[in-house]
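A.B. asks: What follows is the residue order along each chain.
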Amino acid sequence: MGADLTSLTLKAAIEGLKDKSFSSEELTRAHVDAVERARTLNAYVLETPDKAIAMARASDERRAKGEAGPLDGAPLGIKDLYCTQGIRTTAASRILEDFTPTYESTVTANLWRDGAVMLGKLNLDEFAMGSSNETSAFGPVINPWRAHNSNQPLTPGGSSGGSAAAVAADLCLGATATDTGGSIRQPAALTGTVGVKPTYGRCSRWGIVAFASSLDQAGPIAKTVEDAAILLRSMSGHDPKDSTSLPVETPDFPSFVGKPVKGLRIGVPKEYRIEGMPEEIDRLWQKGVDWLKDAGCEIVEVSLPHTKYALPTYYIVAPAEASSNLARYDGMRYGLRVDAKNLNDVYEETRGHGFGDEVKRRILVGTYVLSAGYYDAYYLKAQKVRRRIADDFEAAFQKVDALLTPTAPSAAFALGEKASDPVAMYLNDVFTVTVNLAGLPGVSLPAGLDSQGLPLGLQLIGRPLDEGTLFSLAGAMEKAADFRAKPERWWA
Amino acid sequence: MAIDAATVRRVAKLARIREPEERLEPLARELSSILGWIEQLGEVDTDGVEPMASAVAAKLPMREDVVTDGGDAGAVLSNAPADADGFFVVPKVVE
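Just so you know, the protein sequences line up as chains A and B, in that order. Sequential numbering from 776 applies to the first sequence in the numbering used here. Sequential numbering from 48 applies to the second sequence in the numbering used here.
Chain B extracted, bound-state conformation (with noise of 0.2 Å):
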């Protein structure tokens, strides 16, 4: 399937990640041959075939659900771009 830039475009404003508008073309081509390249898949035939989301085929563990770890505040913050009075200060999400 061949992308075009307007689809280069919506798929970075879904990822949240800036490309500029010269990007957009090369962007397109790459994965365009990227994708081009995974369709093969089509020729497996998969009728019937449970997905596999893990390798591991073990059910997943339950615990108690009781606080184990926490009460550093200290530590959570101290790598934050920015933070005052044990918070995160972050930018304007209401206008």
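Excised from the complex, chain A in its bound form (with noise of 0.2 Å):
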């Protein structure tokens, strides 16, 4: 039975463990036996099985004294870059590898609360800088997904790779991640899970660690629509500690589930009709179309002019409050100390040994960017773009209820394929960043595979705190789609 019961969505082990079908502890030792066998994929940093068993038992506890949770029982993956209380927390990067904080996310506490079980802290980019995994301190994570005929190791994307990999294997039953640019939807896309990036201020970011405080978001990585909206229901809610926290009430995001969702205007924005993109990607993005349609939805082109300023727009405005945020790590209260000749010299050495490559490059691109005598021209420049990049869409939704769109220009790629080319790496992210610089939720939901059989992804993006009409529409698609492909577990 062990085996069957990673292949459970999450849905249904709440289902099972509400019928006394299992206990909680089972569901936990099958996952853990799971994620056990499932090293060569890297996507766990840290296991921690005896914590996952002993959250397992209580909450059996619990659900004998008729005081389970919404979560209660279910074991999840939490993305590295979640504080967890006594629980060794890097971002991936060496400059944390020793740190154990003291404290509990509020988002990771929100589900502890809800009765949820932690199997172990999930692989990344380092400081969630990059679209393949491939900057993670720890090495990258490999896609369970294969090309057919084919053993080469793909990525996962990133930056939560872990977290994707993780769900799409079969290690978790749902995780957590974040999105600055496209970290949740991206990876969610290449390996054929849900991705929910919110609404900026949905959820609290208190205890995540910042790389771009004005776009990062914490979202769900899931099986299905329904687990991620039961997931995102347990971490929203406002936060006093994070000032940007939403002072709004959580809506019951799985009862949009299966609504109908006849009469609904969907935008097809034609600027996200790029050069270059494969054709199958534009054939499945018109399957997304008519499935929308075939459901009672109105198709409308809309126009969206400022969108190929987007990535550029993003690449000085996260990269400088990036500068700003890693500005913390020197040394001095917490994180890795590289002993030098004076003051200066132990921040330059403990910097130049903890940061990797792709974190420096931001940093330095962010210094430059915010130093004397450039600021108006990129850094005021970029946030005055912003704002047109942000009201384009708020003249789209005078229009429309939703954007439907691709998730990602292309299907996972092979490691190593972009590493060497950062603004190549870059656009990945071209169809997600625009959802995080106006603030807004976006859904990344499977549509169908490649001819290479890779998983590809649809995108919807939703007006702000509308995540209740993303999921409807995302269930809709998700039923039409009718995605039901595994990737071959070789890893066992």
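If you are wondering where the hints come from, they were derived from the structure by calculation, not from laboratory data. Just so it is clear, CB atoms sit at the ideal spot from N, CA and C, and this is done for glycine as well. Treat the hints with care, as some may be off.
Unchecked claim - Selected chain B positions facing chain A (in silico; Cβ < 8 Å):
{"hint": "1", "residue": "Ala59"}
{"hint": "2", "residue": "Arg63"}
{"hint": "3", "residue": "Ile64"}
{"hint": "4", "residue": "Glu77"}
{"hint": "5", "residue": "Gln87"}
{"hint": "6", "residue": "Leu88"}
{"hint": "7", "residue": "Pro98"}
{"hint": "8", "residue": "Leu107"}
{"hint": "9", "residue": "Pro108"}
{"hint": "10", "residue": "Val114"}
{"hint": "11", "residue": "Ser125"}
{"hint": "12", "residue": "Val137"}
{"hint": "13", "residue": "Pro138"}
Claimed, not checked - Examples of chain B residues lying across from chain A (beta carbon under 8 Å, computed):
{"hint": "14", "residue": "Arg56"}
{"hint": "15", "residue": "Ile85"}
{"hint": "16", "residue": "Val96"}
{"hint": "17", "residue": "Val140"}
Dock chain one against chain two, each of which comes alone in its own frame, and use the hints as you go.
C.D. replies: Dropping the structure here:
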């Protein structure tokens, strides 16, 4: 029975726990075993099996007393960007290789409040900076998916590559992730999973290692749309410890899945039809349009004229914020310290050794665009273009209820393929980064396989705080797509 | 805008990151390529556009100026690279 339990959806597992078909301890053990057998994927950077079993037993006791919460007994994976009390948290960086938080992030605390069980900490790009998981100090995650007749290791995407791979390979029932420019949705697309980046401010950022604070947002990666809705319901909520956390009630997200979408107006932004995009992705996009038409939606072509400027805007705003946020890693209060002859040398050696190449590159870009003489030309300019991008969306949402786009410009690519060209790597986020700049919610769901047998995703973008409509639309598309493919378990 | 090795050295100094001499030229090329790609923002007319610093329009909340946390030096120091007698130990600041 052990292997079967890991292939359940979160929803089905919670039902099984309620029916007493199995205990959380059995469910958790099955996952602990699966995680152990899948080490070759490098999805987990820290396994916490003892803690998982202890949490599962406590959950079984709560359930016996009739005190079970909405996620009670469900084993989850946690991106190693979320601080977990007493459990090493590294952001996949050498500079935090021995950091053990004495506090718990709000989002993970919400999950434990609702009864979830932690299996361990998931790999990611260093400080969430990357689109292929190759910048991790622990080495890249391997995508569970392989092309037909090929053993070539592929990227699961990034930065939440560990989260996406773990969900795709049944190494957890769902995972936390974070999204600054596409880091939930792009890996979800590359692994055949569902990823939700909620409205900026929906989830507290407190206790999540900061990358670019005006863009960072927590969200789930899950096996189904409904599972993602269940997880997001528990993760969300106002938190006085994050001043940008929105003081709004959390809707009952799962109740939106399955609601009719008839009469909703869906925008198709023509600027997302970019040069060099594989025809398969274009065809899948059209399929998505047809599915929504069949469900009774009205399709409207819309224009988001500043789309092509979103990535260059992001690559000013995000590094600028990162250079400021990462100034805290100075080797004095926590993290790595490299001794040297004077204070300045200690700072420089610590940061020179502690940060990886991509993180250093972004800190340098950020420092440069914020430096005297360049601030107006780069940073201020980018903030103004950001406004124009947000205005484009606002105008579009006068006419439509949601937008449909591809999630990523390609399927999973080979590890190493784009590692040597930063700009080529940045282009992975061309369809996702606009949403972060405007603070909107976005969902990626698996829509089909390409001719190589690799998953492709479609993205729905919604109005601020309108995740509910996105869950209804994503639910309708999921039903129409009937995506049931799973990677072969070659790693086990 | 092309960035040269001297500029990389200066920016790395500002960012307190040690970059070995042989990395300065490659970094100058990488940063020039990134910034060259970013230059296309110059095409966008932004006259009179209000800069956008946050995705949340709401005013930042204020709270009472009272102590809400603290009093646990042990927890604060638990990840310190060096500490003694309840204090962080840092390299000599004043020569």
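A.B. asks: Hint by hint, note whether the structure agrees.
C.D. replies: Status of the hints after comparison with the structure:
1. Interface restraint check for alanine 59 of chain B: the shortest CB-CB distance to chain A comes to about 6 Å, inside 8 Å, so the restraint holds.
2. For arginine 63 of chain B, the shortest C-beta to C-beta distance to chain A is roughly 4 Å, which falls under 8 Å, so the interface hint holds.
3. Hint on isoleucine 64 of chain B holds. Least Cβ distance to chain A is approximately 5 Å, under the 8 Å limit.
4. With a least beta-carbon distance of about 6 Å to chain A, the hint placing glutamate 77 of chain B at the interface is held under the 8 Å criterion.
5. About 6 Å separates the beta-carbon of glutamine 87 of chain B from the nearest beta-carbon of chain A, less than 8 Å, and the hint is met.
6. The interface hint given for leucine 88 of chain B is met, as the beta carbon of that residue sits about 5 Å from the closest beta carbon of chain A, less than 8 Å.
7. With a least beta-carbon distance of about 4 Å to chain A, the hint placing proline 98 of chain B at the interface is held under the 8 Å criterion.
8. Given the 8 Å rule on beta carbons, the hint for leucine 107 of chain B holds: about 5 Å separates it from the nearest Cβ of chain A.
9. The restraint placing proline 108 of chain B at the interface with chain A holds, with a minimum CB-CB distance near 6 Å, inside the 8 Å limit.
10. Restraint check, valine 114 of chain B versus chain A: the minimum CB separation of about 14 Å is more than 8 Å; hint violated.
11. Checking serine 125 of chain B against chain A by beta carbon gives a least distance of about 6 Å; that is within 8 Å, so the hint holds.
12. Hint status for valine 137 of chain B: holds, given a least beta-carbon distance of 5 Å to chain A, under 8 Å.
13. The closest approach between the C-beta of proline 138 of chain B and any C-beta of chain A is roughly 5 Å, which is under the 8 Å cut-off, so the hint is satisfied.
14. With a cut of 8 Å, the hint placing arginine 56 of chain B at the interface with chain A is violated, because the nearest CB-to-CB distance is about 11 Å.
15. Hint on isoleucine 85 of chain B holds. Least Cβ distance to chain A is approximately 4 Å, under the 8 Å limit.
16. At about 4 Å, the closest approach between the beta carbon of valine 96 of chain B and any beta carbon in chain A falls short of 8 Å, and the interface hint on this residue holds.
17. For valine 140 of chain B, the interface hint holds, the least distance from its beta-carbon to any beta-carbon of chain A being 6 Å, beneath 8 Å.
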